[in-house]
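Build out the structure end to end from the sequences listed, making use of the hints.
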Amino acid sequence: MTHAAFLTSSGNTSDDADRARYRRVTTLLGLLLLASMTLSLSLGSFPTSIDQVVHALVAPQNSDIAFIVWELRLPRILLAVLVGAALAIAGAILQGIVRNPLASPDVIGITSGAAMAAVVFLALFTTSLSIHWLPAAALLGALLSALLVFLLAWRHGITPTRMVLVGIGLSAAMSAVTTLVIVISDDSSAMVAYVWLTGSLYAAQWQDVLGIMPWLLVAVPLCLTQARQMDAMALGDQVAQGLGVNVLRSRLLLMACSVALAGAAVAFAGGLSFVGLIAPHIAARLVGRSFTRLAPIAGLVGALIVLYADLLGRVAFLPKDLPAGIFVSGVGAPFFVYLLHRTRADTRG
Amino acid sequence: MPSTSTKPPRLTGERLHAGYESRRVLDGVDLAVAEGKLTVLLGPNGSGKSTLLKTLARTHAPSAGRVCLDGEDIHHRNTREVAQRLGILPQGPTAPEGLTVRQLVGMGRFPHQRLWRQDAEQDARAIREAMAYADVTDLAERSVDALSGGQRQRCWIAMVLAQQTDLILLDEPTTFLDLKVQVDLLELLSRLAHEHGRTLLLVLHDLNLAAAYADQLVMMRDGRIERRGSPAEVFTAANLKTVFDLDAHVIRDPHSGQPVCVPRRSGAKTPQRHPEGQLP
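In the order they appear, the protein sequences are chains P and G. Going letter by letter, the first sequence gives residues 1 to 349 in our numbering. Going letter by letter, the second sequence gives residues 1 to 280 in our numbering.
By construction, these hints were calculated from the structure, which means they are not laboratory data. Watch out, some of these pointers could steer you wrong.
Said to hold, decoys possible - These stretches of chain G come out as covered by chain P in the derived footprint (C-beta under 8 Å, 3 or more residues):
1) 56-63
2) 92-101
3) 107-114
From the three backbone atoms N, C-alpha and C, an ideal C-beta is built for every residue, glycine too.
So this is what it looks like as structure tokens:
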């Protein structure tokens, strides 16, 4: 070992330990996710063993349960994983940009915009258009409301505080419209709207999986290219600028990624965005706040949360199939209160 | 002025105008930052000293005039290339919860790193040297937010040092710190200029510390530079009155010969003649 190499390695023991820990956490969570997906595939209203499921997966032509596994359960499980990962990474980005641990895709109007669009679609357009257009309508609502928040908050650039204030205001207005539309619409579309607002993966199909996939394939690598800029911006805009970060450009790119991820997830699964609030926190506890590590781990954690929330919804109250959103909120709400409590304790000293 | 062989200034501001919203803060400022010296910007609150520093640091865009680094307009250059030559420490920076000192100092390497190309060995050496120089090596694994104000400020200075720039701009690096800590920090910064040839520009609030440590003082009032020169030249009772509207005596420290100001209390009798003599 050369002198320099020796110094380098001895000077960075904590970095090495962090890296080893990150690898360990990634591997464990990855394996846990795969095992959970397999478990979820074998559980449902129709009893199936893991053997049968594996058999149906590798040789569907010789299996009696190929339809259940391939057409009912697998797309739903994959969608749960993708939606969870997308919401979690979107939340990690937003919490980083806003520099507030209580931020989530909700605060810039993504969820409420999607909800309003979805409810309006259900109330007014289901007679003329197929229900399959619902995700497209919700996505459009999410993107438009995020854009509106941007435009209203723009003032020689974007400051996080202003963006959050505008976002909260706009969200409140759109929620009011959502409630109004539900109240005045007929019972059947109001019921569908409620389930959508709670967040559900019921009757997920392959086309949903294929619909959300491109958004993740573009946005996740793109936000990872800005990971180091994100870490620098965590020190404040001026410090980041001093370090050579093009703050406006990085922030817009990251915001676009967050909006795309959250918008796509909400479009296909409804109001599950609480995942975007809690998954990044769990991930930060596991691997710290460096975005290069935080984003992938948050994605895995989010995938696990939605996967189990949906599994509970499917099997815990058979024959009823309950929306996953109930269980996400059931875990999320107490955690949120705990976070608020902790933050208050921190600021008090 | 002694005719020392001074290098031409690399960072200059020409006819700078700047402001916020409708308020004009800088009103035609010209400044060339002296190479290898410690220059201090002084002025009453709202005089524009912080805005001047930010404009020179390119974090605030001038409405007219231009800032040049090595002869090129700093606002039109690649910000990462600028960051390889010019480091800045804004006023009262805050580190995110849980960030360790080593991680913070490591952020200083940002302008030297690319997404796929990082010289780990060179980075590690720069970080180690910066931490040693700012005397924070022992704190490396501690959380920045758990440190005392003085320790924390040394960590931020270490981050700027890890950036390895010839020019360093600091906005009120000593505010809210104990006098002893302020003195230690200024000792550290003046060594950077005098022993390592770095060029430093600081905004300071404390007049006497500025007079004690600055090679060059730049006194501002109402968005203009009123006086500039060495402390011996410009730190006078008359200038303090003009620039700060401060009634004070300026006496010389019998030990170092540096000027020191003592506020004149209203209603107090004219003091007895001081053995060291009183400056005009």
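A quick look at each hint next to the structure:
1. 56-63: Holds: 3 residues of the region 56-63 of chain G have a Cβ under 8 Å from chain P.
2. 92-101: holds (count 8)
3. 107-114: holds (count 5)
Hint compliance for this structure: every hint is met.
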